[in-house]
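Asker: Sequences listed follow chains A and X, in order.
Residue 20 in the working numbering sits at position 20 of the first sequence, with consecutive numbering throughout.
Residue 5 in the working numbering sits at position 5 of the second sequence, with consecutive numbering throughout.
Do not take every clue at face value.
[What the hints assert, rightly or not] Cβ-Cβ distance ranges computed for the label pairs, FRET-style: (1) E133/X to P359/A: 18 to 24 Å; (2) G127/A to F173/X: 54 to 60 Å; (3) V200/X to S273/A: 54 to 60 Å.
[Stated by the list, open to error] Here are the simulated DSSO-like pairs of lysine-lysine, each with C-alpha atoms no more than 30 Å apart in a straight line: (4) K63/A to K218/A; (5) K281/X to K50/A; (6) K63/A to K121/X; (7) K150/X to K146/A; (8) K50/A to K155/X; (9) K17/X to K146/A; (10) K451/A to K5/X; (11) K50/A to K17/X; (12) K142/A to K252/A; (13) K50/A to K227/A; (14) K528/A to K5/X; (15) K93/A to K294/A; (16) K57/X to K281/X; (17) K121/X to K166/A; (18) K50/A to K121/X; (19) K451/A to K155/X; (20) K92/X to K135/X; (21) K50/A to K34/A; (22) K218/A to K146/A; (23) K203/X to K153/A; (24) K50/A to K241/X; (25) K57/X to K50/A; (26) K17/X to K241/X; (27) K92/X to K142/A; (28) K155/X to K153/A; (29) K294/A to K227/A; (30) K463/A to K241/X; (31) K227/A to K281/X; (32) K307/A to K74/X; (33) K150/X to K142/A; (34) K166/A to K135/X; (35) K307/A to K121/X; (36) K155/X to K63/A; (37) K5/X to K50/A; (38) K121/X to K74/X.
Rather than coming from a laboratory, the hints here were simulated on the basis of the structure.
Even glycine gets a Cβ: it sits at the ideal position worked out from N, Cα and C.
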Amino acid sequence: MRKNLTPRTVLVLGIIFTCLIFLLPNILGKEEIKLGPVKMQSINLGLDLKGGMHVILRVMTDKAITDELGLGVRRLEEALEEKSTSPTRAFVKDDSSIFLEFPSPQAMNQAQAYIKEFWSRYSISHGDGNSLLLSLDAEEIKYLKKNALLQAKETIENRIDEFAVKEPQIYTQGTDQIVVRLPGVVDPTRAKSLIGRTAVLEFKIVEDVNKNFAATEKQLLSRSDGKIPDGYGVYPSMGEGRISPGYYLLKKTPDMTGKDLVDARRSVDQMQSPAISFQFNSEAGRRFGLLTQKNIGKPLAIILDNKVMSAPVIQSRITRSGQITGDFTLEDALDLAIVLRAGSLPVPVEIEEERTVGPSLGEDSIRKGYRSFALGGLLVIMFMLVYYRRAGVIATSALVANIVMIMGGLALFGATLTLPGIAGIILTIGMAVDANVIINERIREELRTGKTARAAVEAGYDKALSAILDANVTTAIAGLVLYQFGTGPIRGFAVTLMIGLASSVFSAVIGTRLIYDYGFQRQREVKKLSI
Amino acid sequence: MQIIKPGTSINFIGVMKIMGVISSVVVLVSLAIIFAKGFNYGIDFAGGVEMRLEFDKNITIAQVRKAVKSGGLKGAQVMTFVVEGRNVMSVKVKGEQRVIQKISEADPSKDKSTDLPDVAKVILTQMQNSFGEDKVSIVSTDMVGPRVGKDLRQKGLFSILFAMLGILAYIAFRFNFRYSPGAVLALAHDVIIVSCIFVVMQKEISLSIIAALLTIAGYSVNDTVVIFDRIREGHMSHRGKPINEIVNRSLNETLSRTILTSTTTLIVLLGIYFLGSAIIKDFAFAMIIGVLVGTYSSIFVATPVYLFLENYTLNRRMRGRKK
Numbered sequence: 001m002r003k004n005l006t007p008r009t010v011l012v013l014g015i016i017f018t019c020l021i022f023l024l025p026n027i028l029g030k031e032e033i034k035l036g037p038v039k040m041q042s043i044n045l046g047l048d049l050k051g052g053m054h055v056i057l058r059v060m061t062d063k064a065i066t067d068e069l070g071l072g073v074r075r076l077e078e079a080l081e082e083k084s085t086s087p088t089r090a091f092v093k094d095d096s097s098i099f100l101e102f103p104s105p106q107a108m109n110q111a112q113a114y115i116k117e118f119w120s121r122y123s124i125s126h127g128d129g130n131s132l133l134l135s136l137d138a139e140e141i142k143y144l145k146k147n148a149l150l151q152a153k154e155t156i157e158n159r160i161d162e163f164a165v166k167e168p169q170i171y172t173q174g175t176d177q178i179v180v181r182l183p184g185v186v187d188p189t190r191a192k193s194l195i196g197r198t199a200v201l202e203f204k205i206v207e208d209v210n211k212n213f214a215a216t217e218k219q220l221l222s223r224s225d226g227k228i229p230d231g232y233g234v235y236p237s238m239g240e241g242r243i244s245p246g247y248y249l250l251k252k253t254p255d256m257t258g259k260d261l262v263d264a265r266r267s268v269d270q271m272q273s274p275a276i277s278f279q280f281n282s283e284a285g286r287r288f289g290l291l292t293q294k295n296i297g298k299p300l301a302i303i304l305d306n307k308v309m310s311a312p313v314i315q316s317r318i319t320r321s322g323q324i325t326g327d328f329t330l331e332d333a334l335d336l337a338i339v340l341r342a343g344s345l346p347v348p349v350e351i352e353e354e355r356t357v358g359p360s361l362g363e364d365s366i367r368k369g370y371r372s373f374a375l376g377g378l379l380v381i382m383f384m385l386v387y388y389r390r391a392g393v394i395a396t397s398a399l400v401a402n403i404v405m406i407m408g409g410l411a412l413f414g415a416t417l418t419l420p421g422i423a424g425i426i427l428t429i430g431m432a433v434d435a436n437v438i439i440n441e442r443i444r445e446e447l448r449t450g451k452t453a454r455a456a457v458e459a460g461y462d463k464a465l466s467a468i469l470d471a472n473v474t475t476a477i478a479g480l481v482l483y484q485f486g487t488g489p490i491r492g493f494a495v496t497l498m499i500g501l502a503s504s505v506f507s508a509v510i511g512t513r514l515i516y517d518y519g520f521q522r523q524r525e526v527k528k529l530s531i
Numbered sequence: 001m002q003i004i005k006p007g008t009s010i011n012f013i014g015v016m017k018i019m020g021v022i023s024s025v026v027v028l029v030s031l032a033i034i035f036a037k038g039f040n041y042g043i044d045f046a047g048g049v050e051m052r053l054e055f056d057k058n059i060t061i062a063q064v065r066k067a068v069k070s071g072g073l074k075g076a077q078v079m080t081f082v083v084e085g086r087n088v089m090s091v092k093v094k095g096e097q098r099v100i101q102k103i104s105e106a107d108p109s110k111d112k113s114t115d116l117p118d119v120a121k122v123i124l125t126q127m128q129n130s131f132g133e134d135k136v137s138i139v140s141t142d143m144v145g146p147r148v149g150k151d152l153r154q155k156g157l158f159s160i161l162f163a164m165l166g167i168l169a170y171i172a173f174r175f176n177f178r179y180s181p182g183a184v185l186a187l188a189h190d191v192i193i194v195s196c197i198f199v200v201m202q203k204e205i206s207l208s209i210i211a212a213l214l215t216i217a218g219y220s221v222n223d224t225v226v227i228f229d230r231i232r233e234g235h236m237s238h239r240g241k242p243i244n245e246i247v248n249r250s251l252n253e254t255l256s257r258t259i260l261t262s263t264t265t266l267i268v269l270l271g272i273y274f275l276g277s278a279i280i281k282d283f284a285f286a287m288i289i290g291v292l293v294g295t296y297s298s299i300f301v302a303t304p305v306y307l308f309l310e311n312y313t314l315n316r317r318m319r320g321r322k323k
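For reference, chain A alone in the conformation it holds in the complex (with noise of 0.2 Å):
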């Protein structure tokens, strides 16, 4: 009986051929082959390799809904006034309802038809006498949240479109997370005032210096009966360099805000120190003009993150442009520069996880990766010919194969090689040559019951199909279940390992098969295998 054995050598060749097609741009050392309308790419290394930095934000969603209802607060006081239903108490109840009081249940039913007409995005519920309780419905503050994940990835893509990064990689994550990757960047520290800060810009006039300034919380609260006035906050100064240390009480309300800049810019101050020049856009312009104008003489406070920078005497009128000094560095200019272009982010962001990588450490480790490697692959291969003799060498032309197939498989699938994704190639080296033995041991025994050499490997591929399925796809489990729970370099690992699975079912199962029965073709009288 002679088996048509095309079909299966056009799969085997096929398969290593294409894996061997995507590999040319790591063969000949390119990042990027073009072949007619196909792109081929080398084998994305990881940050671990090549050096770069991991960053996983975590964004204060919750603060999206407070502020919401904060403004909501305002807007519909102002809205109850043309009504002239006024509540006499309105605040954000426990940052989750708006509270509102009012003077009588007339005002109350009155102000509740209202909002229930044109507030509809609150749901309404009375509170003890003559209050209401207003609060965002689900489906707004999962809107609004999500909302705000979205800008600050935005306003994080900016920023780093400024930085200069090459491929950079910024995605979300879950509800609330925000991954970024820089390959390439190396230094850490600069990872929180590039992309950690919340770069809120504000200016508020500071009303009378001996009043609004102190030293300390204390003495300044002591002016004001040892409480804070309503509307009003308590903002540090930096104390660093050439402004004073303390504390300032300001109006919670900014005059104006960094939002209506048009450009930021560092440039340096008259003592020669880095500093940062901004402009209005027009409309902007003219309200700072207003505001510098009946306020000359009085110091106005550039604040960044509720801190206070600086607080120079207004000496004129000031219109579109200005200066923000303090004691900064030139890269701090710099970053700083580039984040108020790139505005700021809708809500405070928390840098969950760091890893950063530098190139040196990612070389060290590809050039000890591929030692192991190598020393592994050539002890097992010698193991094999010793051990299996000519079978061996067919269990060696699967091993060659298989390698090829997992850098293939890398390569096609674009899937990204770490770290442990290399011990994964080393690994499946190991475990990849187990199919072969199975089957050889098989092999082995059924020859020993007296069957001829054909028989015996067809008994023997027969019987150990089923143990090298099972015994893979158990493998596998594991595989899959470690994907799903890694991230980063370790998916690295459980991508290379359930590709070797695969590819060493595939070689050890069809490749050697094909070599057997191409054997048996040539010579139709086998009578010694040397196994």
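Given chain A, put chain X in place with the hints provided.
Answerer: Showing chain X alone in chain A's frame:
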């Protein structure tokens, strides 16, 4: 060449009882040690900062330790980190939220507390002040916040449980339910023992160790399944023979494969351990122990448990018939 001569018949069944007792004792003692001493979590799970810094050739670890101490960084550990031909050390501070810097021994009110994301900067500045700016450079930095660590700890545990469940289900589906418990107990046995060795050696549990434990789980079952496959086949071809004989024969028949595969896997793992990057040394170490224990457990944990269940159901069926 042959390691195991054909026709070899080692009486595995005979020693199974003793081995079972030994295995049980080892697992129980391991669990006791793990619970008593607890895992030494790395920063992946405990939160904290680990910086690897390259120093000028002449700077010794003692000097770095002294500099870290004088910087007042509470609980900082300094270790050498092997990168060929270079003088790299790792400075690590584990912490949940922030790191306390002791400025003065006498006056705790002067303590400076630093949020985790800024700790790296503090460490670098401290080293630069001590040794000079051009004598120190960053090789790598890892910072893991407290929430991430907690999340990962839970996910790590769940992932191992999920892997076990998945494997249990697959084996029940492909073989039958009498096979599953043995395979899962064997892999639990392996994972527990490797974990215990990490606890005893005070090695840190990091993300890559969890990866190693899951791979060990996969490897252990791989080994077990090959033996089970033989037993399944034995039931068909040696119908009527006593079950103990079938099992013992299957163990002998698969013995050379078991040893060969473990050997080739160990060869490559030793290669990674001795020649690979220092970052994955512990991973390779865990895998080496795992392969050794996994090979043992396939024969002496998975198979006996299967045998027990098979005999148990057999006896019940017989008793049922007598009645």
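Asker: Each hint should be assessed against the structure and marked as holding or not.
Answerer: Quick rundown of the hints versus the structure:
In this structure the hint that E133/X and P359/A lie 18 to 24 Å apart at CB holds, the actual value being about 20 Å. The given range of 54 to 60 Å is respected by G127/A and F173/X, whose C-beta atoms sit roughly 58 Å from each other. Judged by the Cβ atoms, the range 54 to 60 Å given for V200/X and S273/A holds: they are separated by roughly 57 Å. This hinted pair checks out: K63/A and K218/A have alpha carbons roughly 28 Å apart, not beyond 30 Å.
About 20 Å separates the Cα atoms of K281/X and K50/A, which keeps this hinted pair within 30 Å; it holds. Between the alpha carbons of K63/A and K121/X the distance comes to roughly 28 Å, so the proposed pair stays at or under 30 Å and holds. Our distance criterion of 30 Å between C-alpha atoms is met by K150/X and K146/A, whose separation comes to about 24 Å. The hinted pair formed by K50/A and K155/X meets the criterion: a straight-line CA distance of about 28 Å does not exceed 30 Å.
For the hint pairing K17/X with K146/A, the CA-to-CA distance comes to about 60 Å; that exceeds 30 Å, so the pair is violated. Of the supplied pair hints, the one linking K451/A and K5/X holds, its CA atoms being roughly 19 Å apart against a limit of 30 Å. At most 30 Å may separate the alpha-carbon atoms for a hinted pair to count; K50/A and K17/X exceed this at roughly 53 Å. A C-alpha spacing of about 27 Å is found between K142/A and K252/A, which places the hinted pair at or below 30 Å, so the restraint holds.
Between K50/A and K227/A the alpha-carbon distance is near 55 Å, which puts this suggested pair outside the 30 Å criterion. A C-alpha spacing of about 19 Å is found between K528/A and K5/X, which places the hinted pair at or below 30 Å, so the restraint holds. Between K93/A and K294/A, the direct Cα distance comes to roughly 36 Å. Violation of the 30 Å bound is thereby established for this hinted pair. With a C-alpha separation of about 24 Å, the suggested pairing of K57/X with K281/X holds against the 30 Å cut-off.
Using a Cα cut-off of 30 Å, the hinted pair K121/X and K166/A holds, with the two alpha carbons roughly 24 Å apart. For a cut-off of 30 Å, the pair hint linking K50/A to K121/X stands: about 23 Å separates their Cα positions. A distance of roughly 52 Å separates the Cα atoms of K451/A and K155/X; the hinted pair therefore is violated under the 30 Å criterion. Restraint check for K92/X and K135/X: the C-alpha separation of about 19 Å stays at or below 30 Å, so the hint holds.
Distance hint between K50/A and K34/A is fulfilled; the C-alpha atoms sit about 23 Å from each other, no more than 30 Å. Restraint check: the Cα-Cα separation between K218/A and K146/A comes to about 40 Å, which exceeds 30 Å; the hinted pair is violated. Distance restraint check for K203/X and K153/A: the Cα-Cα separation of roughly 38 Å exceeds the 30 Å cut-off, and the hinted pair is therefore not satisfied. For the hint linking K50/A to K241/X, the alpha-carbon distance of about 60 Å lies beyond 30 Å, and the restraint is violated.
Taken as a hint, the K57/X and K50/A pair is honoured in the structure, with Cα atoms around 25 Å apart against an allowance of 30 Å. Simply put, K17/X and K241/X have alpha-carbon atoms about 21 Å apart, close enough for the 30 Å limit, and the pair holds. Distance restraint check for K92/X and K142/A: the Cα-Cα separation of roughly 39 Å exceeds the 30 Å cut-off, and the hinted pair is therefore not satisfied. Annotation: proposed proximity of K155/X to K153/A holds, straight-line Cα distance about 26 Å (limit 30 Å).
Between the alpha carbons of K294/A and K227/A the distance comes to roughly 29 Å, so the proposed pair stays at or under 30 Å and holds. A threshold of 30 Å between alpha carbons decides the hint, and for K463/A with K241/X the separation of about 21 Å falls inside it, so the pair holds. A distance of roughly 59 Å separates the Cα atoms of K227/A and K281/X; the hinted pair therefore is violated under the 30 Å criterion. For the suggested pair K307/A and K74/X, the alpha carbons sit about 28 Å apart, so the restraint of at most 30 Å is met.
As the CA atoms of K150/X and K142/A are separated by approximately 25 Å, the hinted pair is consistent with the 30 Å bound. Of the pairs offered as hints, the one joining K166/A and K135/X holds, with about 29 Å between alpha carbons and a cut-off of 30 Å not exceeded. Between K307/A and K121/X the CA atoms are separated by roughly 21 Å; this keeps the pair inside 30 Å, and the hint holds. Between K155/X and K63/A the CA atoms are separated by roughly 27 Å; this keeps the pair inside 30 Å, and the hint holds.
Among the hinted pairs, K5/X with K50/A is inconsistent with the structure: their alpha-carbon atoms are about 49 Å apart, more than 30 Å. Distance restraint check for K121/X and K74/X: the Cα-Cα separation of roughly 15 Å lies within the 30 Å cut-off, and the hinted pair is therefore satisfied.
Hints 9, 11, 13, 15, 19, 22, 23, 24, 27, 31 and 37 from the list above are not met by this structure, while the remaining hints are.
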